[in-house]
Amino acid sequence: MEFKDYYQIMGVARDATQDEIKRAYRQLARKYHPDVSKDPEAEIRFKELGEANTVLKDIEKRAAYDQLGSNWKAGQDFRPPPDWNAGFEFSGDGSPGAGAAEFSDFFETLYGHGSAADNRARPDFHARGEDHHARVVIDLEDAYNGATRVITLRSPVLDAHGRVAMRSHKLNVTIPRGVHAGQHIRLAGQGGSGIGRGAPGDLYLEVGFNPHAHFRVEQRDVYLDLPLSPWEAALGATVTVPTPAAAVDLKIPPNSIAGGKLRLKGRGIPGTTPGDFYVVLQIAVPPSATEADKNFYGTMAEQFKSFQPRAKLGA
Amino acid sequence: MDNGKMLPQPSAIILEEQTGLTLTEVCQACAVRVEFIVGLVDEGVLDPIGREPHRWRFTGTQLRRATVALRLQRDLGVNRAGAALALQLLDEIETLQARLRKMGHD
Chain A
9 MEFKDYYQIM
19 GVARDATQDE
29 IKRAYRQLAR
39 KYHPDVSKDP
49 EAEIRFKELG
59 EANTVLKDIE
69 KRAAYDQLGS
79 NWKAGQDFRP
89 PPDWNAGFEF
99 SGDGSPGAGA
109 AEFSDFFETL
119 YGHGSAADNR
129 ARPDFHARGE
139 DHHARVVIDL
149 EDAYNGATRV
159 ITLRSPVLDA
169 HGRVAMRSHK
179 LNVTIPRGVH
189 AGQHIRLAGQ
199 GGSGIGRGAP
209 GDLYLEVGFN
219 PHAHFRVEQR
229 DVYLDLPLSP
239 WEAALGATVT
249 VPTPAAAVDL
259 KIPPNSIAGG
269 KLRLKGRGIP
279 GTTPGDFYVV
289 LQIAVPPSAT
299 EADKNFYGTM
309 AEQFKSFQPR
319 AKLGA
Chain B
253 MDNGKMLPQP
263 SAIILEEQTG
273 LTLTEVCQAC
283 AVRVEFIVGL
293 VDEGVLDPIG
303 REPHRWRFTG
313 TQLRRATVAL
323 RLQRDLGVNR
333 AGAALALQLL
343 DEIETLQARL
353 RKMGHD
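Protein chains in written order, with the working numbering: chain A, 9 to 323; chain B, 253 to 358.
Rather than coming from a laboratory, the hints here were simulated on the basis of the structure. All residues carry an ideal CB built from backbone N, CA and C; glycine is no exception. Careful, some of the hints might be misleading.
As the list claims (entries may be wrong) - The following label-pair restraints were derived from C-beta to C-beta distances:
hint, chain 1, residue 1, chain 2, residue 2, range
1, B, N331, A, K39, 35 to 43 angstroms
2, B, G272, A, A207, 55 to 63 angstroms
3, A, E10, B, P305, 48 to 56 angstroms
4, A, T281, B, E344, 17 to 25 angstroms
5, A, V247, B, T274, 46 to 54 angstroms
6, B, R326, A, D113, 42 to 50 angstroms
7, B, L348, A, L243, 48 to 56 angstroms
8, B, G272, A, D13, 46 to 54 angstroms
9, A, T156, B, M355, 49 to 57 angstroms
10, B, R326, A, E214, 26 to 34 angstroms
Stated by the list, open to error - Only pairs whose alpha carbons sit at most 27 angstroms apart, straight line, appear in this in silico DSS-like list of lysine-lysine:
hint, chain 1, residue 1, chain 2, residue 2
11, B, K354, A, K65
12, B, K354, A, K273
13, A, K178, B, K354
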């Protein structure tokens with residue numbers, strides 16, 4: 009089992025006052041709260057913090073922890089000395105630390121599972137299991153067609169001897185058609201098990217998209233930059249445009265300009281109110297490689313003598 | 253054979269797409285008392301359809317806001333108004349980030 013350096017996690021000195029510990033916890037909790045932080049490690053950091061705070065804010069638990077000595081390093085293999093906590097009485101204040109339900113093996117060995125479990129028996133929470141949260145990353149195409157993903161989840165369970173063990177289980181998750189990044193898929197009853205006869209919690213999967221080589225997504229709308237040749241833009245054309253569902257033939261009106269947007273209504277991410285697909289026009293200019301090419305551009309310059317591309321800049 | 257077929261396959265719903273949730277359903281999903289949700293409506297965090305509480309209908313997006321407000325209050329020790337302010341600022345950050353992504357500054 010790994011030793012946990014609670015002082016290091018909280019970023020305080022071993023002789024920090026209770027007030028300093030409280031301030032450090034408040035500050036770090038705001039920084040790493042999973043609903044506030046975009047840091048992918050936020051959830052893990054926040055759980056660690058909750059555990060460190062549960063020990064350090066409680067002068068009895070803290071004194072017992074300090075008694076282990078200051079020679080231990082974080083991550084070091086740890087076995088508690090016999091009768092290490094003799095003479096300490098843990099009353100606990102019953103108020104929950106953040107993420108109190110899932111403390112480390114290290115914590116459970118020192119303070120027992122009861123300390124964490126007590127915290128869950130608050131009147132507001134009945135004995136329902138904890139909701140679990142995880143992230144699932146899908147391709148944009150999956151949002152158009154729906155998909156299934158096998159995901160692996162780790163959760164703490166009590167074994168026959170009442171000890172906490174981590175168990176991983178696999179789940180086949182249906183990704184509903186029309187889901188988009190930032191939304192949450194709710195799997196009823198797939199969260200933590202309830203206490204006593206309590207119902208299990210739910211599992212929430214936050215959906216993210218893998219970045220796509222061509223398409224950008226905003227909410228339900230999908231964007232594509234479409235390069236055109238100068239003559240396609242000037243004369244109009246029908247070009248084949250890829251969308252995540254299927255390629256479509258798109259009519260480009262004559263005298264189209266770079267940055268112009270064409271909307272394919274309802275071709276964004278599907279749903280009861282489907283998103284739109286936007287084609288953003290770009291003009292690609294063929295390089296002048298040969299003498300003949302240069303002459304051709306020269307002729308164009310003659311032809312369009314009065315054309316002032318920078319007229320709006322007023323220079 | 254695709255062994256994925258042997259795994260449990262719970263029904264999946266998109267939280268944000270749900271509509272017509274009653275006050276009771278929202279309270280159950282958040283595991284809180286009615287007063288907590290009524291408080292969030294009073295604070296303007298949630299904006300259900302319908303006038304009297306027993307006719308209120310919430311969306312999945314509002315349910316999600318309620319759970320975030322709950323966690324902010326529980327974990328950070330902020331009060332209802334503080335959680336409301338945090339949610340409002342988080343919304344603004346989200347909008348700005350979406351605008352940045354749209355301009356290709358990912």
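Here is what the structure says about each hint:
1. B:N331 with A:K39: 35 to 43 angstroms: Once the Cβ atoms are compared, 20 angstroms apart, the range 35 to 43 angstroms for K39 of chain A and N331 of chain B is violated.
2. B:G272 with A:A207: 55 to 63 angstroms: violated (22 angstroms)
3. A:E10 with B:P305: 48 to 56 angstroms: Roughly 50 angstroms apart at Cβ, these two residues keep to the hinted range, so it holds.
4. A:T281 with B:E344: 17 to 25 angstroms: For T281 of chain A and E344 of chain B the Cβ distance comes to about 24 angstroms; the hint holds.
5. A:V247 with B:T274: 46 to 54 angstroms: holds (50 angstroms)
6. B:R326 with A:D113: 42 to 50 angstroms: Between R326 of chain B and D113 of chain A, where Cβ atoms are some 25 angstroms apart, the hint is violated.
7. B:L348 with A:L243: 48 to 56 angstroms: Given a distance of about 40 angstroms, which is not inside 48 to 56 angstroms, the answer is violated.
8. B:G272 with A:D13: 46 to 54 angstroms: holds (50 angstroms)
9. A:T156 with B:M355: 49 to 57 angstroms: violated (34 angstroms)
10. B:R326 with A:E214: 26 to 34 angstroms: violated (19 angstroms)
11. B:K354 with A:K65: Since the Cα atoms of K354 of chain B and K65 of chain A sit roughly 45 angstroms apart, the hinted pair is violated (cutoff 27 angstroms).
12. B:K354 with A:K273: Distance of about 19 angstroms is within 27 angstroms: holds.
13. A:K178 with B:K354: violated (36 angstroms)
Hint compliance for this structure: hints 1, 2, 6, 7, 9, 10, 11 and 13 are not met, and every other hint is.
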